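Asker: Read in order, the letters of the sequence shown correspond to residues -28 to -1, 1 to 669 in mature numbering (1 follows the signal peptide of the UniProt record, and there is no 0).
If you're looking for bench data, these hints aren't it; they were derived computationally from the structure. Any given hint might turn out to be false.
What the hints assert, rightly or not - Once the Cα atoms are required to be at most 20 Å apart in a straight line, the calculated EDC-like pairs of lysine to aspartate or glutamate come out as: (1) K185 <-> E172; (2) K130 <-> E76; (3) K135 <-> D222.
Just so it is clear, the structure is predicted and the values come from calculations on it, not from any experiment.
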Amino acid sequence: MPVRKAPLALLAALAVAVAPTWSGGTGAAAARQAPPPAAAPDTVTVTVDTRAGLATVHRAAIGANAAIWDSRMNDPEVAGLYRRAGVAAVRYPGGSYGDLYHWETHTAPGGYVAPNTEFDRFMGTVKAAGAQAVLIANYGTGTPREAAAWVRYANVTKKYGVKYWEIGNELYGNGHYGAQWEADDHADRSPAAYARTTLEFVRAMKAADPHIKIGAVLTLPGSWPDGVVAEGDEANWNHTVIPIVAPEIDFFTVHWYPGTSVVTPGDDVPGMLAAPPMLAEMLAQVRADVVALAGRDVPLALTETASNIGRNVHAAALFATDTYLTALGNGVFTVDWWNTHNAVEKVGTVDGEPDFQDFGLLSSGLCAPPPEGGPDAEEVCQPPVNTPFPAYHGIEILGTAVRPGDGLVKAASDRPEVAAHAVWQADGDLAVVLVNRDPGTAYPVRIRYGGFVPDGRIPVTHAFTRGAGAIVRAEQGRPDAQTLPPYSIMTVTLKPAKGPQAGPPAPGPLTAAGTTVSWPSSGRRADRYEVYRQVGAQARLLGVTRRTSLPLTGLAPGETVTVNVLARDHAGRTSRPSAPVTFTVPTPADSACAVRYRVTQGWGRGFRAEVTVTNRAAADLTGWRLAFRFPVSGERVGSGWGGTWTTGSQDVEFTPAAENAIIPAGGSVTTGFVGANEGAYPSPAVFRINGTICTTQ
């Protein structure tokens, strides 16, 4: 595993990067040598629709990790830096150390505990920052009784009011699947044992304080060991843990480090910057699994994330902004960066900039010899201790757009070089967040709005650009047009043309049964309700009703549909959009064919799927072909059996071999394939036999 789990290193180094230069002559000679002018870049179109709501920003949304092996974690400057960046949640005692740490003795047998990192000192920093703690109860080498005593000390004795507690860290790394980095003293290290024992922790801890919220560990789809079924287990980690703990758990935790699980080997910074859209797909899949297995949409917490490539270069800032907003817009209530300070794994140059391979948001101020220096080589040093690295500024700039209670709404860019997010702030302003992943091109950006009309004033912008040491505020551009510098983050804040409009309360929560969407009343002020479907970054009106439910028509079987509802009063003022509900349109129950698709094995970047086709007709089925489409572009068929598998992009077709060419009436044929995946690998929703839509079982 990466160095994020190790004690803080004693040495660090800074590689000196020398920028290439171009030298020309003078006069006509210089003109002959000058490169031709670059073509003007195409305009990027960004679409924002405030009727397509995503999520409300939680008060613990912006978070970071702190670790007991970090002697600088409680420096007085750290609380101020947390506050400046809007860090509202701090996780302790530090990743895998959570399964070593005994809070009462402040020890972690087998690990290093730095001085001045005790729990009470940590809480002093948290309180000074105006933040809250997220604590890891020691599952690996602790007990439910020890965890309950910590809850009692924190919230009854000291009255710290610690609300969020996790049961262990990455317990799937306890050796049960063959790899071990997480301490676990239990004789049974299976996912079922983790789930059952987690319930013992939950009951003991809530007996000490029934108001706390407790989370259990899950894996992200496409991240090892997701999909792996160990000997003796009936299912993989998530499919085992979720149904056992669901009745009593309050949230689930996941971790994400692109470069180890998503970005393919050999990819560099561009691949890392392209990863956040895959995170959205992975979160959608794990949420769908939770709803299916738990019977409810349990909140998610992304309690560890960081750029794993170019950790201390400017691109890490772009990654941080994009990742936080992607996660918060896809069902995550808190995102916690790894780490406040960390260790140096490898010194070098990445993306043309010095890089310490240090996961920290803040410098540890350490020195080390250059990576290829001889015994007499002079040391090179990190910036002074607590100097922010670029990733810090990528989180800090979120504060210009995101505050608790604001609502994230749909936004999209028509070019992959530019990522777009939008936040409809509680005071009525709209913040559009743009991330330019291109290091060499400034893009003109045209912004289109749905459900929001900006006034004519020049927008306020905040930007963080390459080489800058701070975020720069300006008033520039137009509400519908900005120029986005290369490798930059920019927030554009706009005021509504009519000023804040106090409409009815937002409807919610929404539920879907079949193709009928329902919601509670928004009260007497609501005259009617408008139901919108999210199509890309736009909201498309499906219907208007005075009732609190609406049957939706014109939807294709197998479609995945995301819907919001707005309430409108007699004066025409609208509410904020409801939280969305996502559902899949059922396939015909009476089709002449039925298909059962089941993933039987996975290993992070690949999976094995079994497909059973049943002939429900009265006559034999001959000359048949099966066709389906993968829901996301990262899935593909590698090899299969039982016939010929052909694939183009996401579309797959299967032609049976001679022995499977006829399916008798009432009979079935089972085939399958080995697939590959980049990130998520959700199951197809609709299958066709010779063009006929089958019942999906």
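Asker: If you test the structure against every hint from before, which numbers come out violated?
Answerer: none
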